[in-house]
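Each protein sequence line maps, in turn, to chains Y and D.
Reading the first sequence from the start, the letters are residues 3 to 389 in the working numbering.
Reading the second sequence from the start, the letters are residues 2 to 352 in the working numbering.
You may find that some hints are simply not true.
Covered, in the sense of this in silico footprint (three residues per stretch, anywhere, with C-beta under 8 Å from a C-beta of chain D), are these stretches of chain Y [stated by the list, open to error]: (1) 80-94; (2) 224-234; (3) 255-265.
Pulled from the structure, derived: some chain D residues nowhere near chain Y, Cβ distances all over 10 Å [said to hold, decoys possible]: (4) Val-157; (5) Thr-184; (6) Val-240; (7) Ile-279; (8) Ala-319; (9) Ser-337.
Here are some chain Y residues pointing at chain D (derived, C-beta under 10 Å) [as the list claims (entries may be wrong)]: (10) Gly-42; (11) Glu-239; (12) Lys-243.
Honestly, the hints are just simulated from the structure, not real lab data.
Cβ coordinates follow ideal geometry from the N, Cα and C atoms, glycine included.
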Amino acid sequence: MKSLMQTLTRGALAAALTACGVASALAADLKVGLSVSLSGPNSSLGVPYAKGMQAALAYKPEINGRKVQLIVLDDGSDPTTAGRNARKLIEEEKVDVLMGTSGVPAAIAMAQVGKEAKTPMIGLTPILLDPNENPWVMTVAQPTQLMIDAVVERMKRNNVKTVGYIGFSDAWGDLVYDALIKAAPAAGIKVVSNERYARADASVTGQVLKIVALRPDAVMTGGAGTPGALPFLALAERGFKGGVYGQHGLINPDFVRVVGAAGQNALMPTGPVIVAEQLPDGYPTKKIAMDFRAAFQKVNNAPTSDAFSAYSFDGWLVFADAASRAMKKAEPGTPEFRVALRDAIFSTKEVVGTHGVYTFKPGSLYGVDERARVIVKLDNGQWKLAP
Amino acid sequence: MTWDVALILVTDGLANGAVYLLAGLGLVLIFSVTRVVFVPFGDIAAFTALTLAAFETGRVPPTIGLVATLALLAMATEIGSLLRRREAARIPKAVLMWGVLPALPCLLAWMVARPGIPVAVHIAVAVLLVVPIAPLLARVVFQPIADASVLVLLIVSLALHFLLSGLGLLFFGPEGSRTTPLTDAMFTLSDGFTVSGQVVLMVGAAIVLSGLFFLVFERTVAGKALRATAVNRVGARLVGIRPVRTALLAYGCASLLAGLIGVLIAPVTTMYYDSGFIIGLKAFVAAIIGGLVSYPMTAVGALAVGVVESFASFWSGALKDVIVFSLLIPVLMLRSFMVTHAEEEEDEVDQ
Chain Y
3 MKSLMQTLTR GALAAALTAC GVASALAADL KVGLSVSLSG PNSSLGVPYA KGMQAALAYK
63 PEINGRKVQL IVLDDGSDPT TAGRNARKLI EEEKVDVLMG TSGVPAAIAM AQVGKEAKTP
123 MIGLTPILLD PNENPWVMTV AQPTQLMIDA VVERMKRNNV KTVGYIGFSD AWGDLVYDAL
183 IKAAPAAGIK VVSNERYARA DASVTGQVLK IVALRPDAVM TGGAGTPGAL PFLALAERGF
243 KGGVYGQHGL INPDFVRVVG AAGQNALMPT GPVIVAEQLP DGYPTKKIAM DFRAAFQKVN
303 NAPTSDAFSA YSFDGWLVFA DAASRAMKKA EPGTPEFRVA LRDAIFSTKE VVGTHGVYTF
363 KPGSLYGVDE RARVIVKLDN GQWKLAP
Chain D
2 MTWDVALILV TDGLANGAVY LLAGLGLVLI FSVTRVVFVP FGDIAAFTAL TLAAFETGRV
62 PPTIGLVATL ALLAMATEIG SLLRRREAAR IPKAVLMWGV LPALPCLLAW MVARPGIPVA
122 VHIAVAVLLV VPIAPLLARV VFQPIADASV LVLLIVSLAL HFLLSGLGLL FFGPEGSRTT
182 PLTDAMFTLS DGFTVSGQVV LMVGAAIVLS GLFFLVFERT VAGKALRATA VNRVGARLVG
242 IRPVRTALLA YGCASLLAGL IGVLIAPVTT MYYDSGFIIG LKAFVAAIIG GLVSYPMTAV
302 GALAVGVVES FASFWSGALK DVIVFSLLIP VLMLRSFMVT HAEEEEDEVD Q
């Protein structure tokens, strides 16, 4: 009896092992692991990220004749869960590349896991990391300085000499302020105030009164999403006549809905994808941006209205380009392939995406240049290219 | 700081203070009658604002689902307790009171949730829709533990706030909303100093409602019953006042106040699913200034909180809330020096 049991167990085990072997031989597909915030406070960004990735999968489902498999996990806007998701994706799903996520802290948590497990990660947010410390991560988002430089250039062109600043009393407000302080002196612009407010505040009348009393030529705001509309509303209420400038954190349909008429003629930088159809025909990213629009419409049955889904799309394009080169060196699913993929991503040259043209070098986190930004103007609730 | 700036800050502060005043009145009313610090008060106000915003964009407000769910829960609780007491004959009345009555505003809201309906109707329905929330919550959560200590009631009420704001996120999403102003009027008082009609409306509503409050407490039987329960629960019971019924009345009034607050502030501030908490918290500071018993002192406290907040945001925007909540420390110290503690936490029911 015992021997029969043993034989049976051994037989079953052997069968299972063979099955596994066959399965792995068949499933030598490329695997992409995406962790985004489908729930929780960041879900207003995470959901578009996931939709953009589905559009990318439909746009380019095969690389060199190999199918790409996309595995999506929800991190609930929590960095700890994002880190756990990254580990799960690497250890259980054996993904070749990690992508994510809607929050910067969560993206950093994922990158940390990627570094430990020697898996490349394509970030979709402006991650703040030392690239020399973690050579496995890069991001397709634009660095804040690049965007704010564009705003300062525009201020200079509009003869702004003094600018008041009002922004969030958190890391985002600091980032925008620091970038402004860094760029403004070179353009001969003086920053006269550094007012802050909390995301949950009901009114910024006090701060705005102080700024208006200083009589600056223009005001720069450092907010994001719907709470970012508050300074615009308060400035309009106080009858401020100078220009009001924003940054890419405000490019969001909910901001447009809440700011209403108070946002009229506000200027802010963004990736060119937002105004793709208004770009001149020769613009390098125009064609792919229109392709992205079409793919998104087809997959999600709704038009795109945000910049986030386009980051996912670009991440996929960068990955597809790098993977097609890495596949010549190693077989997908192996540690060698992941190293080859990393090296391939860091030698990305002039890959045209929807937000910009990507060129990555070892030791650099960001891969975009001036082609990844345009200035747009809010005109009757529509973003208009302001050349 | 020039006089102009100071005047603008004072008006802004008074407008905010008016909101805290109404919220403070609601908090004091519920606390004095039921000993519950009703933390979810602000959430109800936020829900009204978001309901109104949903109406404006032509969507069916998700608040309907919330009220309907609460009504079902309350009905089940009531029927359960009736069955336990073997009073099955009163079930039809319970169904009518706890199921059908709250379902009426839901039905109404569902009917008017389309464009082309006058704004006034939307406002009225939005307020009506949130009125059942506090009484239903009270039936499900607070009535079974009505005799627990103030601390237990506070903790339960805090938990309830987190539950409601979580549901708010689920129903309304993370982004904020703003409604169109109720009035576009502008009053120019002097050069460079104007007061918007919305601010006048807010301050006016606060004055009128507090006046109504005073009249109800002084002149009506229901108001006197509320006062009697506030003074002594057991005593009120002895003279034939049902504490359960007065508690429900208090919750209903507070819910109505929260609804009015929501309608008044929705056009001037962007409301999020969790904005109610900070309003409730500042109203709580005002109520503490009034010792959680005195309506006039609460009113004074609320206006003080509003004005201090407004000036604090001028001096240091980042430390605004720190300054407002620091007000609590000297007030509490002063109160504890001045008030002699007579019969604190004396649970006569247990004796």
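Violations among the numbered hints, reported as their numbers in ascending order: Per hint list: 1, 7, 8, 12 violated.
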